[in-house]
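Student: Assemble the complex: chain G is given as a structure, and chains E, S, L, V, D, P and W must be docked to it using the hints.
Chains G, E, S, L, V, D, P and W, in that order, are what the protein sequence lines are. Numbering of the first sequence is given in our numbering, commencing with residue 1 and proceeding in unit increments. Numbering of the second sequence is given in our numbering, commencing with residue 68 and proceeding in unit increments. Numbering of the third sequence is given in our numbering, commencing with residue 135 and proceeding in unit increments. Numbering of the fourth sequence is given in our numbering, commencing with residue 202 and proceeding in unit increments. Numbering of the fifth sequence is given in our numbering, commencing with residue 269 and proceeding in unit increments. Numbering of the sixth sequence is given in our numbering, commencing with residue 531 and proceeding in unit increments. Numbering of the seventh sequence is given in our numbering, commencing with residue 793 and proceeding in unit increments. Numbering of the eighth sequence is given in our numbering, commencing with residue 1055 and proceeding in unit increments.
One should not assume that every hint holds.
Just a few of them, taken from the derived set where beta-carbon distance is under 10 Å, the chain D residues facing chain E [said to hold, decoys possible]:
1) S780
2) T781
3) P782
4) P787
Simulated from the structure, these hints should not be mistaken for laboratory data. Idealized CB from N, CA, C, for every residue including glycine.
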Amino acid sequence: MIQVSVNSDMKQVDEMLPLSELLSGWGFDCQRVAVAINEDFVPRSAYSATRLRDNDRVDVVAPVQGG
Amino acid sequence: MIQVSVNSDMKQVDEMLPLSELLSGWGFDCQRVAVAINEDFVPRSAYSATRLRDNDRVDVVAPVQGG
Amino acid sequence: MIQVSVNSDMKQVDEMLPLSELLSGWGFDCQRVAVAINEDFVPRSAYSATRLRDNDRVDVVAPVQGG
Amino acid sequence: MIQVSVNSDMKQVDEMLPLSELLSGWGFDCQRVAVAINEDFVPRSAYSATRLRDNDRVDVVAPVQGG
Amino acid sequence: MTDNWTLYGSTFNSRLLIGSALYPSPQVMSDAITASGSEIVTVSLRRQAPEEAGGQSLWTHIQQLNKTLLPNTAGCHSVKEALTLAQMSREMFETDWIKLEVIGDDYNLQPDPIATVEAAEQLVKQGFKVFPYCTDDLVVCQRLLSVGCEVLMPWGSPIGTGRGLMNPYNLQTIRERLPDTPLIIDAGIGKPSHAVMALELGYDGVLLNTAVAQASEPVLMAEGFRHALLAGRSAYLAGAMPERQTASPSTPTLGMPFWHQS
Amino acid sequence: MTDNWTLYGSTFNSRLLIGSALYPSPQVMSDAITASGSEIVTVSLRRQAPEEAGGQSLWTHIQQLNKTLLPNTAGCHSVKEALTLAQMSREMFETDWIKLEVIGDDYNLQPDPIATVEAAEQLVKQGFKVFPYCTDDLVVCQRLLSVGCEVLMPWGSPIGTGRGLMNPYNLQTIRERLPDTPLIIDAGIGKPSHAVMALELGYDGVLLNTAVAQASEPVLMAEGFRHALLAGRSAYLAGAMPERQTASPSTPTLGMPFWHQS
Amino acid sequence: MTDNWTLYGSTFNSRLLIGSALYPSPQVMSDAITASGSEIVTVSLRRQAPEEAGGQSLWTHIQQLNKTLLPNTAGCHSVKEALTLAQMSREMFETDWIKLEVIGDDYNLQPDPIATVEAAEQLVKQGFKVFPYCTDDLVVCQRLLSVGCEVLMPWGSPIGTGRGLMNPYNLQTIRERLPDTPLIIDAGIGKPSHAVMALELGYDGVLLNTAVAQASEPVLMAEGFRHALLAGRSAYLAGAMPERQTASPSTPTLGMPFWHQS
Amino acid sequence: MTDNWTLYGSTFNSRLLIGSALYPSPQVMSDAITASGSEIVTVSLRRQAPEEAGGQSLWTHIQQLNKTLLPNTAGCHSVKEALTLAQMSREMFETDWIKLEVIGDDYNLQPDPIATVEAAEQLVKQGFKVFPYCTDDLVVCQRLLSVGCEVLMPWGSPIGTGRGLMNPYNLQTIRERLPDTPLIIDAGIGKPSHAVMALELGYDGVLLNTAVAQASEPVLMAEGFRHALLAGRSAYLAGAMPERQTASPSTPTLGMPFWHQS
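Here chain G stands alone, though its shape is the one from the complex (with noise of 0.2 Å):
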């Protein structure tokens, strides 16, 4: 198990994981998503074959208003 900050909320999870299983794990939608890990984007074609590692900084992000 490692610790991981998502969108700034501690997280422990298993290294051996995608990212595409996290981010369901943690109830996100891929389709209505977009991720960064360590303030560079990930592609949303890259998640299954990507993983994180400890203290990884990971910000999921979705459409808002703006001005």
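Tutor: Structure of chains E, S, L, V, D, P and W alone, referenced to chain G:
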């Protein structure tokens, strides 16, 4: 004969003639002009009863563009 | 006795007394004030010959700051 | 002999002569001007050790009014 | 949005009053006035040489527009001249509406406040419905109301300068102090933005002529002013945001990514 | 008058770009955007809590408007943040358009001119079509063009202040020096008159949000801005009269009655 | 630079007329008036309660300054009130100078143009030297001259607002049309820059009170205004450069180094 | 009032920095600079033809004034040019002060914000005391401080236009955000009132040239600016009254005569 000014032009006129005849004589269409004598308004209805006096100043105006 | 207003205060006064005595009586220094009765100016020279009438409105003013 | 531009004037000079002599030769008072060669500043102390090369661009400036 | 207004008992939809002078041609005048959407057109009276038909042809164009006419007393310098010209206008144009102008100075063509009040008083007594051209002087405006004017037309800036609203503070004061009087900015409007500002201030309408007639393309400019009056009126009714001293973001700051407790 | 304009190869009729934030409700937002006539709506990305559906509902409303989306990088303070958020936006909104904002100061929320140029350069290399939010600095505008921006969005005044065009001189200079670049005033617009002024200056469009969303009646204000952009554009194309120093009459002076040689 | 000016035959060096009201204390008033360099001080008359000595003490301070006094009719709302108060002032202050104020509206405290002209006419007939407080209306100014005023005092903006010169265009028009009349800006001056602008426009002097009396440090502000009037007057006499549309370098461009034919 | 200020460790009394160009004659230049009270004079370097003595004579006049010299890099368009000209100036004028100008556009002669920051950084490393000519961009100002500038010189408006303070809002923002940095308005000042406004905003000084040199009477205008800077500084220190929306009387209303209960 008396002398009057019509729109600043000097004219000799017969003091016996009513304003209505004078206007026609000068070529004005009474229905299409308004008249003042010595800066006093003369209504159309009074033309036939109005006679000029020597040195009267007559203004005959018609509609134009305005701002 | 008649009733007059002095700077909006009601006062009973003896109609026989001249304005000069009334002013002193009210505690004004004639050299340091100017007077109007019923909104008419009363020059200082006329105080001794001026007598009030019933319901006269007397203004007694002195110098103040101004803009 | 080489060719250099001095304040945009083309001049033929002897490449053996130091800058100090060239400046005097051109009529400049070394104490009253500052010099750049090919847009690089040349301090006064270096004039005697500085020699020009073919096609060098020399700027010789003096104080003027400024805003 | 239907949003009518009333001048001396007559109701109008367009808030633009437009002049009929200074156009490159009678046809352009007609097209521009039509494009402007204006329902009220200003006209005047001038001496006529019997033979001349020039004015006639323009006057024919104006009549064909079938708009409400507002005759003016432009060029009058005295109460007497204004009264007589108003009477001649009433007969000629068959209307008791009169745009009262009594010029006080030939350099800035401003109205003479004292003569204008005096003329307005007499015209009202004679049954005229007076539209006084006045400056942005609140006290003069109050006098004009007290002698019976039901509409006021303060200037934005001098006639034909196109300088817009020279003194918004005065104009706003008049609006605040006279909340129930129809107020029309007359003179000085040079661009649609000026008209929008007038209505944003709460003015009810705008009267102009040169800004359209002397534009490179009068008809297109007239259309611009038509939209300007709709824009300004909507802005006033919709209640603009207050001007703020410091910036504040529109996009939410909550949930901004890349931020982490260290 | 059909009068289209083109941004990165796409053609639009409305010259208003509008934001989707700060409205009293999603329904008011939809109605206001529709009333504004705008064809381009700005959106953003923020962190989402899995369960939350709030943003979702608003996002649904935005999608239903079926407008061209312009995602922004609002809130980013560094080149790196802006680049990453732009990439996430491209995937999420399936568009290579990006409104680039790199904030340089949290007090006036102004763009950082140096970081904005740097971010724009990299985004262009990555295939983005960049709409840079910048100040009214001509040289920064020239740099943005030189790195590949084809549209510029100088501010009128700081975001959310509603102060309008703080520096018309600078804005006019930019217009004159960059005659062929689409120029959009972004930020600071508070009233329709501000938008009209921008287009009268020759600007091609206006981007705003707070002025509509925070009006007392957003839908009516949106309609006001719709007319404002038509008014301003017509004024620009029609060629306004020059401002004059001295008055000149509109009604003819020739033939003025009551005048007599003495 | 000695540069005197003349008001009703009396010559002065300072172009500042200053009020004696609203200071934190009589001592501060005396010090501020002295620091201002002003030679003319405005005063007024109010009802006195016999016993009271308050006004007395301030009045004593004013007398000790040994300045030329300019009594006002502040607060008067009718011609009659103004005439009577003027007569009382003449007796009390032993001067035929009078600052004529006939207020027309209690909200903006503006002069009533019609009543002011009427009162001025009668006061002149009674031998007063009238300093009329008026608005920036050229025609009213001309009327005041025609009834015998030899000095005019148009407002900059309403009393006590400190808004400066609301309508420079009108003020400039008055200056150009009345080149030989001493013109003093009265009311609305809030900062030294406002006074400088007035004199740069060609105005001969400035009358103010609140701007000094209500400053955090009245004495220092008074000194600021003393310099402001000297600055503005010098600027007017020295003839300022014309404002230019485009930049032009001050440092010579000829002989710029590093430039080479390629 | 003694009120000194400090620039890079040197203390001065006058808040005016003045240029030495564009005067009708060397003598007028000397007299004007003396009359201005300025202690700091800007100078430059240009190519010299050996024989010419013209510049020489002017330079002699400048030296005789015995003022602190501030050499500029006017006319430089690149970092490299500015660095070299600064080095030449340091040797020639024996000062490490340099007014840094890197022009970004030949039309408005504005500084190139990016090149100016880069040049400033290198000059500071070489031991120069940099006075950067910059626009009114807060973020660029912050960058200049971060690379080691201890004084900032934002423009009022483009060089030689005399348009004064184009964007008071931006200038005020810079003052508020950088309370401890000496701020000098450089360029655009056309009249003394502009200089007073700059100091009223809290700016520490003003640098100008054309406004004095191109006045009809430069020496008298210089004296006007001397007073202007004293006026503006006093106004700032004295704390001006707040601007008010509505009028309030200066003369007491209490005790107004002629008022009676009915």
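Student: Hint by hint, note whether the structure agrees.
Tutor: Quick rundown of the hints versus the structure:
| no. | hint | verdict |
| --- | --- | --- |
| 1 | S780 | holds, 3 Å |
| 2 | T781 | holds, 4 Å |
| 3 | P782 | holds, 6 Å |
| 4 | P787 | holds, 4 Å |
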